[in-house]
Every structure is written in C-alpha cells, then in structure tokens.
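Now for the letters of each chain:
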Amino acid sequence: NAGVTQTPKFRVLKTGQSMTLLCAQDMNHEYMYWYRQDPGMGLRLIHYSVGEGTTAKGEVPDGYNVSRLKKQNFLLGLESAAPSQTSVYFCASSPAGGLENTEAFFGQGTRLTVV
Amino acid sequence: AQKVTQAQTEISVVEKEDVTLDCVYETRDTTYYLFWYKQPPSGELVFLIRRNSFDEQNEISGRYSWNFQKSTSSFNFTITASQVVDSAVYFCALRMNTGFQKLVFGTGTRLLVSP
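As they're listed, the protein sequences go chains L and P.
In this text, residue positions in the first sequence follow this note's numbering: the first is 1, and each later residue adds one.
In this text, residue positions in the second sequence follow this note's numbering: the first is 1, and each later residue adds one.
Don't take every hint at face value.
[Claimed, not checked] Not the full set, but computed from the structure, chain L residues with beta-carbon under 10 angstroms of chain P: (1) TYR35; (2) ARG44; (3) ALA104; (4) GLY109.
[Unchecked claim] Over 12 angstroms on every C-beta distance to chain P, these chain L residues come out as not near it, computed from the model: (5) GLY16; (6) LEU69; (7) THR113.
Bear in mind the hints are in silico, worked out from the structure with no lab data behind them.
Glycine is no exception: its CB is placed at the ideal position from the N, C-alpha and C atoms.
All chains should be built: construct the whole structure from the sequences, respecting the hints.
As structure tokens, then:
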C-alpha cells in the first residue's frame with residue numbers, strides 16, 4: 001500500500017522561484033495536513049484541510065498557499081521562495097474524528113533548500 | 001492553548017542501557033490523544049503508539065514502554081536495553097478531540113545509542 005506519497009523528495013530553488021509540492025493519499029482520509037520541520041522546533045502546521053475543496057491556515061501559513069481540489073491530493077505552493085522556507089516538509093492524512101480513528105499517517109518528507 | 005514539551009534535546013547512552021524520554025503536555029480538553037513518533041536517520045516519521053486520555057494504563061511493547069500520568073500531564077517513553085537501531089529523533093504529540101484535530105508536536109528528543 002502506498003499510504004501517503006510526496007513528490008518531489010528533494011528540491012533546490014533559487015530565491016524568488018515558485019514551486020508546488022504534491023501530496024497524494026490512497027486511504028480515503030478526510031483530513032490532510034502540511035507541516036514543516038526545522039531544527040529545534042519540531043513539526044509546525046502550515047495549512048490543513050478537513051475535506052475536498054476546503055483549506056485553512058495553521059500555525060505558520062505565511063508564504064504558502066494550498067489547494068485540495070480532489071480528496072486524495074493536497075498541494076502546497078510557494079509563490080516566491082525565500083531562504084527562510086528552507087526546511088523539510090511533511091504531508092500527513094488522517095480519518096475524520098472519532099475515538100478510534102485518530103492516527104495520522106505521514107509521507108516521506110520533502111527536503112527543500114532555497115538558495 | 002495546547003502545548004507539548006520535550007525538555008531533553010539530546011540523550012546519549014551506551015547500548016544495553018535503559019533510557020527514558022520525557023513528555024509533558026498542556027491542554028484544557030478532557031478528551032485528547034497522545035502519540036509518540038520515531039524519526040530515524042532516513043527521515044520518515046514512524047508511528048509508535050497512541051493513547052487516549054481515558055486510558056491511563058501503562059503499555060509495554062517489547063523493549064518499549066509508556067507511562068501515562070494525567071496527574072502530572074506526562075507521557076514518558078522508556079526503551080529498555082537500548083540498541084544502536086534505536087538511534088533516532090523521537091517526537092511526542094498531542095491531539096484534541098474537539099474542533100479541528102490537529103497534531104501538536106514537541107520539539108523532539110534526539111537519542112544516540114553507541115555500541
């Protein structure tokens with residue numbers, strides 16, 4: 001089973017360039033998330049989605065946009081990359097609420113460097 | 001507000017030693033979930049355990065054990081007879097059952113197990 005797949009796995013951008021990170025899940029999960037991981041700061045939520053066609057801001061949304069046109073895909077866009085966006089990006093998905101279905105599944109991560 | 005604190009930034013042990021990773025959380029919710037994830041050097045996030053707030057029983061899985069104490073808002077993780085393969089960053093996370101159920105992560109503890 002593929003689970004959560006992120007593409008690309010690595011990318012180097014020049015300051016000001018744009019790019020889109022793709023996250024795809026095959027578990028029919030309602031919720032999807034984008035996190036960034038920086039040294040000493042753990043994982044911080046950028047944006048999230050509770051269903052197809054809906055998105056919302058997380059903890060650190062500035063400089064990013066997202067879209068969820070299809071339930072299985074969650075795209076993270078950087079319109080004008082900055083060195084401060086150098087990070088490892090993780091996508092995750094989980095089923096909607098309930099006592100049992102509360103585990104989040106993570107992708108392999110995307111290491112982005114902005115020079 | 002919800003918060004997870006992992007005060008230990010890095011721990012170094014010698015193989016076969018026991019080691020405990022501390023996790024302290026803050027939440028006003030009465031229903032919530034606690035998680036531990038492992039991030040090995042390869043970078044992916046591996047789910048280890050989920051515990052809901054109504055279940056304070058300790059859990060043991062092989063060399064791993066977890067001690068959940070609501071009275072001190074702690075969810076500590078012990079590895080018995082550590083092995084080199086246990087070397088990783090370990091994240092504790094908290095998820096509420098109300099509103100949007102995002103995962104709030106601690107900053108992680110890096111465990112180095114030397115031969």
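*Classify the label on L:THR113 as holds or violated, using whether its beta-carbon is more than 12 angstroms from each beta-carbon of chain P.*
14 angstroms, holds
_Outside-interface status for L:GLY16 - nearest CB in chain P farther than 12 angstroms_ = Answer for L:GLY16: holds, closest chain P Cβ roughly 27 angstroms.
_Does the closest beta carbon of chain P sit nearer than 10 angstroms to the beta carbon of L:TYR35?_
8 angstroms, holds
*With chain P as the partner, please determine if L:ALA104 meets the hint condition of a C-beta pair closer than 10 angstroms.*
6 angstroms, holds
_Is the interface hint satisfied for L:ARG44? The criterion is a beta-carbon contact with chain P at less than 10 angstroms._
8 angstroms, holds
*Return the status of the interface hint for L:GLY109: holds when the least beta-carbon distance to chain P is below 10 angstroms, violated otherwise.*
With Cβ-Cβ at 5 angstroms, under 10 angstroms, it holds.
*Taking the shortest Cβ-to-Cβ distance between L:LEU69 and chain P, state whether it exceeds 12 angstroms.*
20 angstroms, holds
The structure is consistent with each of the numbered hints, conforming to all of them.
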